[in-house]
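Asker: Since chain W is already given, all that's left is putting chain Y on it; use the hints.
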Amino acid sequence: MIPDAHPSQPAPARDRGPSGPALQLLPGLPELPRDSAPAPSPNAAPGAPECWLAIQLPHLALDLQARHHADADRLAQHPLLIVERGERPRVHAANRAARRAGARPGMPLGDALALLDTPELIEDDPVARAREIHQLAAALLQFSDHVHPEPGAQRILLEVGRSRRLFGGLPALRERAEAVLRELGFQPRTGMARSPAAARLLAAHRHPEIPEDRDALRRSLARFPLGTLPLPATTREALQATGLRVFGELLRLPRAELARRHGPDLLQTIDRLLGDACETLPRFVPPATLELTLRLDHEIRASTALVFPLRRLLQQAEQQLRGRALSLQGMQLDLQHREDTTRLNLERGQPGIRAADWLSLWQTRLERETLQAPVIGLRLHSAELLEPPATDDGLLTGDPAGDHDDAGHGAGHPRHLPAVLARLRARLGAQQVGRLVNRGTPAPEDAQEPVFAAMRPGPDTATHPPSPAQQACGTALWVHAPEPVPAPRSGDTQPLGRLENGWWDRENDRRRDYALTRDVRGRWIWLFRCLRNGGWFRQGYWG
Amino acid sequence: MTRALDSLLEHPALWRGRQGAPVSGDAVWPAGTPELEKALGGGWPRGQLVELLGAPFGSGETRLLVPMLAACARARLWIALIGPPATPWLPGWQQLGIPPERVLLVQAEQDPERLWSAEQCLRDPAFGALLVWIHGPAETARLRRLRLAAGESRACAVLYRPPQAAEQPSPAHQRLQWQPHGRDLRLHFLKGNGAQHRRGRPLDISVAHPPPAEDAP
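Sequence lines, in order, name chains W and Y. Residues in the first sequence are numbered consecutively from 0, following numbering that gives the first Met the number 0. Residues in the second sequence are numbered consecutively from 0, following numbering that gives the first Met the number 0.
It is worth saying that the hints were derived from the structure and are not from the lab. A hint or two may mislead.
Rough simulated footprint, nothing fancy, chain Y against chain W, three-plus residues with beta-carbon under 8 Å [unchecked claim]: (1) 431 to 438; (2) 464 to 478; (3) 512 to 521; (4) 529 to 542.
Every beta carbon over 12 Å from chain Y, so not counted as near; a handful from chain W, in silico [stated by the list, open to error]: (5) Ala237; (6) Glu290; (7) Glu338.
Distance windows between CB atoms, simulated [claimed, not checked]: (8) Val126(W) with Glu151(Y): 46 to 54 Å; (9) Ala324(W) with Pro33(Y): 54 to 62 Å; (10) Leu95(Y) with Val519(W): 20 to 28 Å; (11) Ala486(W) with Pro33(Y): 33 to 41 Å; (12) Gly533(W) with Leu95(Y): 29 to 37 Å; (13) His180(Y) with Ala486(W): 24 to 32 Å; (14) Gly167(W) with Gly150(Y): 43 to 51 Å; (15) Gly151(W) with Gln109(Y): 50 to 58 Å; (16) Arg282(W) with Arg143(Y): 55 to 63 Å; (17) Gln109(Y) with Thr440(W): 27 to 35 Å; (18) Asp296(W) with Glu166(Y): 53 to 61 Å; (19) Gln109(Y) with Glu383(W): 30 to 38 Å; (20) Thr32(Y) with His380(W): 49 to 57 Å.
Think of the CB as a built atom: it goes at the ideal place given N, C-alpha and C, for glycine as much as any other residue.
Only chain W is shown next, with the shape it has when bound in the complex:
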């Protein structure tokens, strides 16, 4: 569904075929008498007509509530108010049941309480809302490299003119952006136009048209009442007092007169709506790490119940990382309790962002966890984000035999760890599953180092080939720390080789003659005679 390429890339040239109408490429001709030609917008790349998508989230506070709860239906049936705290508490948002009963956003809380039958009251959290807008802005980076969040208005603006061909046209792009947000549990309203100001206006009024050129935009906006325009109240009242009702009537008036009567700001607003004057919006730069938090309204006492909120977080992480074209191999989950925090780590063999994959791993991991205290919040973070996996090992490291199809999809290379690893580590614990790395030190008992923590490709997992000293010890299969054993009968042992190490160190020299013998129980014993004191030690088993 989501394209592989980053949407900020310029549209491919092959789309300049007969399907692309020439009208799109020509800027609309200004109709109004103008002093000067419109300045080229600094937002737009040369050659691509600018188009803005405004995404308004009017029900953000309610959406945030709904995603915490598994039983969203119950939430919809019972009246619920999000209350803004203050000297006079006001209703910030009301769900459908509450609105049907007459509660409106902005209404004093006392009035709303008089209308509703025991509504559920939840305190508004403007910080959480603003944070959410920024998180979503990061997720929307998959559609454009120019994203501008407006947390105060619960709105995000995207410049999508250059992404249109990549997504198969503006309507398709809009649908996909809406689908992404809906999947994350939000109810967006969108508007698209050639200027950010018009896109905001169209989004607020759920206007389905996409006026791409100036004429179409003018026609679309002409029907909008003056009350909906982003004008100061005094200007609006003054205009209405002269008998004007809709934007189209305002456009017919001479500009110089308007400027003289109502100030130059009005002209600038009009120009910005029509896209004649540019509006420079700063680009959103996502943080370098991934951090998603979720405050739970109900305490969760069973680790299995964490799966639902966690799924939402992982979906959001997936969208965000997709937007930023990054991947990750490990993540941390903090379970926030009232007093302290439980920190869980999860690391996979291969980087990936799919929420479903991560969720099944977390499920396995959480099954192992018994909650010490009820959980009131979740925090998902990863400090280490990876570039998407390079596909460089397809040609050179491909299976030369070619008949092992199962070795072909990544498992064939030793750097690629099997996918099952993450599941094993999730259930058994990270310290239980790993590999052994040869450190190259001669003494067998401490030559090997388990690698549990860093199970990712890199120099840290590179292992030494067996050193000559190690080869002298023979090809035993199992090793343990030396244990003193009685000397075997001389005819029963097969000598293997001599390990000489530390002879420069008078006290700690390790000179050993390795040998193989069979004990009374039939075991093949791997043993050595210490040349310093003549004692025999068992080092392991031959097989």
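Answerer: Chain Y only, in chain W's frame:
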């Protein structure tokens, strides 16, 4: 009539005594010696669960599998050691042709967790061989799950069990009992291809391939 019989025989719940006969050379890992390969029906079978019953640990029952493990590593597949009773000496393995980076070590304390891990590994196509050690009596249902998982995989799952387990019936494809016998490892074929082929005759395998100084004192 034949078709009805064929469809009946394809029923997954039906197990035939002679089932488990190897299909082709690709379906087995080499076993090292011709006698053993003949008894096993070509080699260590891929996609099957093999039980190796015996004691004590270290008699050569791991060395018995070295040809299989080396072939498995050559095929760029992974080897899982699940709950081994000792630490593998991987420099030694490497000299036998088994690179350490292909060996995954899973240390699970309890038998059920080991069997669970084995099942998970079998469901991953990255593995070519599994060596699982369990101590106690195993639930037949768990072994059956393992057998099913092995049947769907391309790996050879080897389950090391104590010799007492021979008295229990088991759903494994093949069962072999081993014991030290002189300088060799003596194999009794309890179930599977070898049981028919050898008809109860044990097979002695020389597993301790010492360095060239074979008979030097």
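Asker: Are the hints correct? Go through all of them and say.
Answerer: Quick rundown of the hints versus the structure:
1. 431 to 438: That given contact holds, which follows from 7 residues of the segment 431 to 438 of chain W lying within Cβ reach (below 8 Å) of chain Y.
2. 464 to 478: holds (count 12)
3. 512 to 521: holds (count 4)
4. 529 to 542: It holds: at least three residues are needed, and the segment 529 to 542 of chain W offers 4 whose Cβ sits within less than 8 Å of chain Y.
5. Ala237: Since the minimum Cβ distance to chain Y is about 73 Å, Ala237(W) lies beyond 12 Å and the statement holds.
6. Glu290: 31 Å, holds
7. Glu338: At about 31 Å from chain Y, Glu338(W) clears the 12 Å cut-off, so the statement holds.
8. Val126(W) with Glu151(Y): 46 to 54 Å: 51 Å, holds
9. Ala324(W) with Pro33(Y): 54 to 62 Å: 56 Å, holds
10. Leu95(Y) with Val519(W): 20 to 28 Å: Taking Cβ atoms as reference, Leu95(Y) and Val519(W) lie about 27 Å apart, which means the hint holds.
11. Ala486(W) with Pro33(Y): 33 to 41 Å: 39 Å, holds
12. Gly533(W) with Leu95(Y): 29 to 37 Å: 31 Å, holds
13. His180(Y) with Ala486(W): 24 to 32 Å: 25 Å, holds
14. Gly167(W) with Gly150(Y): 43 to 51 Å: 45 Å, holds
15. Gly151(W) with Gln109(Y): 50 to 58 Å: 56 Å, holds
16. Arg282(W) with Arg143(Y): 55 to 63 Å: Holds - the Cβ-Cβ distance for Arg282(W) and Arg143(Y), about 59 Å, lies within 55 to 63 Å.
17. Gln109(Y) with Thr440(W): 27 to 35 Å: For Thr440(W) against Gln109(Y), whose Cβ atoms are near 33 Å apart, the range 27 to 35 Å holds.
18. Asp296(W) with Glu166(Y): 53 to 61 Å: For Asp296(W) and Glu166(Y) the Cβ distance comes to about 58 Å; the hint holds.
19. Gln109(Y) with Glu383(W): 30 to 38 Å: 33 Å, holds
20. Thr32(Y) with His380(W): 49 to 57 Å: 56 Å, holds
Taken one by one, the earlier hints all hold for this structure without exception.
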